[in-house]
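Given the coordinates of chain A, work out where chain B should sit on it, guided by the hints.
Heads up: the sequence lines are chains A and B, in that order.
Mapping of the first sequence onto the numbering used here: residues 1 to 366, in sequence order.
Mapping of the second sequence onto the numbering used here: residues 367 to 732, in sequence order.
Warning: the hint list may mix true and false statements.
Unchecked claim - Just some of the chain B residues that point at chain A, by a computed CB distance under 7 Å:
#1 448
#2 449
#3 537
#4 579
#5 670
#6 671
#7 681
#8 683
#9 684
#10 688
#11 693
These are computed hints drawn from the structure, not numbers from a lab.
Think of the CB as a built atom: it goes at the ideal place given N, C-alpha and C, for glycine as much as any other residue.
Residue-level listing of the chains:
Protein chains: 2
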Amino acid sequence: MTHEKLNFSLIKHNELKLFLVSVFKKIGCSTNHSTLAADVLLTADLRGIDSHGAARLKGYIALWEKGRINTKPKFKIIREKNTTTTLDADSALGLVSAPKAMEISIEKAEKYGSGWVSVCNSNHFGIAAYHAMKAIEKNMIGYSVTNASPLVAPAFSRERMLGTNPICYAIPAGKYPPIVIDMATSAAANGKLEIAQRKKLQITQGWVQTADGNTSTDPDELKNGGSLLPLGSNENLGFHKGYALGSMVDIFSGVLSGANFGPWVPPFVSFIDVLPNLPGKGIGHFVGAWQIDGFREIEEYNINIEKWIERFKKSEPIDKNVKVLIPGEPEHYCYKDRIENGIPIIENVITDLKQIAEKFKLHHPF
Amino acid sequence: MTHEKLNFSLIKHNELKLFLVSVFKKIGCSTNHSTLAADVLLTADLRGIDSHGAARLKGYIALWEKGRINTKPKFKIIREKNTTTTLDADSALGLVSAPKAMEISIEKAEKYGSGWVSVCNSNHFGIAAYHAMKAIEKNMIGYSVTNASPLVAPAFSRERMLGTNPICYAIPAGKYPPIVIDMATSAAANGKLEIAQRKKLQITQGWVQTADGNTSTDPDELKNGGSLLPLGSNENLGFHKGYALGSMVDIFSGVLSGANFGPWVPPFVSFIDVLPNLPGKGIGHFVGAWQIDGFREIEEYNINIEKWIERFKKSEPIDKNVKVLIPGEPEHYCYKDRIENGIPIIENVITDLKQIAEKFKLHHPF
Chain A
1 MTHEKLNFSL IKHNELKLFL VSVFKKIGCS TNHSTLAADV LLTADLRGID SHGAARLKGY
61 IALWEKGRIN TKPKFKIIRE KNTTTTLDAD SALGLVSAPK AMEISIEKAE KYGSGWVSVC
121 NSNHFGIAAY HAMKAIEKNM IGYSVTNASP LVAPAFSRER MLGTNPICYA IPAGKYPPIV
181 IDMATSAAAN GKLEIAQRKK LQITQGWVQT ADGNTSTDPD ELKNGGSLLP LGSNENLGFH
241 KGYALGSMVD IFSGVLSGAN FGPWVPPFVS FIDVLPNLPG KGIGHFVGAW QIDGFREIEE
301 YNINIEKWIE RFKKSEPIDK NVKVLIPGEP EHYCYKDRIE NGIPIIENVI TDLKQIAEKF
361 KLHHPF
Chain B
367 MTHEKLNFSL IKHNELKLFL VSVFKKIGCS TNHSTLAADV LLTADLRGID SHGAARLKGY
427 IALWEKGRIN TKPKFKIIRE KNTTTTLDAD SALGLVSAPK AMEISIEKAE KYGSGWVSVC
487 NSNHFGIAAY HAMKAIEKNM IGYSVTNASP LVAPAFSRER MLGTNPICYA IPAGKYPPIV
547 IDMATSAAAN GKLEIAQRKK LQITQGWVQT ADGNTSTDPD ELKNGGSLLP LGSNENLGFH
607 KGYALGSMVD IFSGVLSGAN FGPWVPPFVS FIDVLPNLPG KGIGHFVGAW QIDGFREIEE
667 YNINIEKWIE RFKKSEPIDK NVKVLIPGEP EHYCYKDRIE NGIPIIENVI TDLKQIAEKF
727 KLHHPF
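For reference, chain A alone in the conformation it holds in the complex (with noise of 0.2 Å):
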């Protein structure tokens, strides 16, 4: 999706999880713990979801240094009920405690039918993506979401007060590959805002506005106390509900859980300190599955799943050339040319990894 035309070099996928793996292990993470981080980062640069691969490594370790991140994490069941669980990830990494809570609810959801947690003092976790997608084994939606940095305003807001707090839904599709469902909140998410800062561009009117509320094509506006607009953009195009979902996961995440919420979300970027007073421990997600079979034979959903799928991508394009996609299909793609062809690694996160690398004398691949 953010292939661009930078300089980049190709790396396997393999030697590329062969080095974020031994990276997680040299900042104290067990070996699974290193090989499901290493897991979750590899897959959305697979997926193309470049801004939270191998290019947030370096972040991660920013904030294991700075002591936010326990790669020695003692997991705990703070409460439960059939189908419900609150987990206290005691900080560890969220690459590692959102795959924990998932697998609690397909444990609930295999029993009961359906399953929920809700996770606090944890971290950031990758792509929502990775983790509702593992309930696509078991014949299961799956439901992901989670709160983040503050970022975004609300409607008539000019204040930085929700993340992009993305929500993911992962759908079985019979013999098609899954419908998935990975979307921030906001107008754009923040990788959007990165490519066009690297590229020197202007953004689209309606993805951020200044400090005082006013429109801005400038994508370095966030730098000046700007903030990201909501999805939505603005009140006529109906920003009050891209606010509203944002919200619900702030909600969710954080209070549900008994994580922050809103301006109090643990920025991810470990230079701006945490504030004080916080309402809760540290950041929060909420995960979930739905059995198929709770609500239809298996064999009939698929039949219909599919006979959804090909009629949408059916629908009449406006333009011949410009297929109409079904949710999640330009992912799947991605993925399957990057297991082949190698991951495009643009120029400056190299330099990054090879830093990395450096500094904890590892062999790397770039």
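Just chain B now, kept in the frame of chain A:
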């Protein structure tokens, strides 16, 4: 919300309710079902969702006359696990089948922490918020979605494939009014177009496109074969997200339940025939509930959700005269106002309601 500068009559809520009940009885609904259906429509009018209240009565009656609504339904549970159920609504009004589904969800959530019901063979269920809000009384978060007549085009398509497919979350909020998110997944709900049509106003670019897929500001564009645009409105502002959310609603409501989906969803207007070779039965809904105390002590939750609300209401406004609102706040204040001062019903709806009263020889307050 849509209280317009048009001619209207102020009708007292209890008088409107009595009239609505009498109409539903007249078309064969039981006393219970009549009261329930009237309550759903009345709640829409009270909350200011005028397009979904008494204004729709005429439409429901027309569908009943066409034999598409069964006013003496026998609900049948066709599949069930501990926390999941599929309900065949036997062509009932969605105004009565969705409350039944919500009742089952809440029972399951009381026992297991969460509960989920998919409904097939149903009809239009009124405002989504009515159903989700039932969970609030039990200190649960309520969820409701429904598919609907195809009016919205997928991203990059010019074909009507999805309904305005609303998503609703109703979230308990301690001492404050509940947080209620009830949003169409299109850029603009159909009701907004209707207002522009009546007022002969142009609409904002980004709500509709022509039959060829060009943007349009004509509120009558749908009559010319045009379509509504998904939330996000265009490629730059993320209309693939609105499309994805609308798809999720369609799959949950239609494919999981065994109802129709996509372009096969039966149209609400009785003069458009149902398509041949339907893949499912009627329209579908999906509702559910999570117990708050499955995740956190209610008292702790309340302290934190109140803090969430207080902080968001205090977020810096762009314009000091335009407050930052909590989702559901405008509807809550509208409700309080209309309970006290009456419901403004516009002239052409009054005319429709009088005609219905005359046809069925009923007393009326208009």
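Each hint, compared with the structure:
1. 448: Because about 4 Å separates residue 448/B from the closest Cβ in chain A, which is inside the 7 Å limit, the hint holds.
2. 449: OK, holds: residue 449/B within 7 Å of chain A, min 4 Å.
3. 537: Given a least distance of 6 Å, the restraint on residue 537/B holds.
4. 579: Holds: closest Cβ of chain A sits about 3 Å from residue 579/B, inside 7 Å.
5. 670: Holds. Min distance 5 Å.
6. 671: 5 Å, holds
7. 681: 4 Å, holds
8. 683: Hint holds; residue 683/B Cβ to chain A Cβ min 6 Å, cut 7 Å.
9. 684: Holds: closest Cβ of chain A sits about 3 Å from residue 684/B, inside 7 Å.
10. 688: 5 Å, holds
11. 693: Check passed: Cβ of residue 693/B comes within 4 Å of chain A, closer than 7 Å.
Checked against the numbered hints above, the structure breaks none of them.
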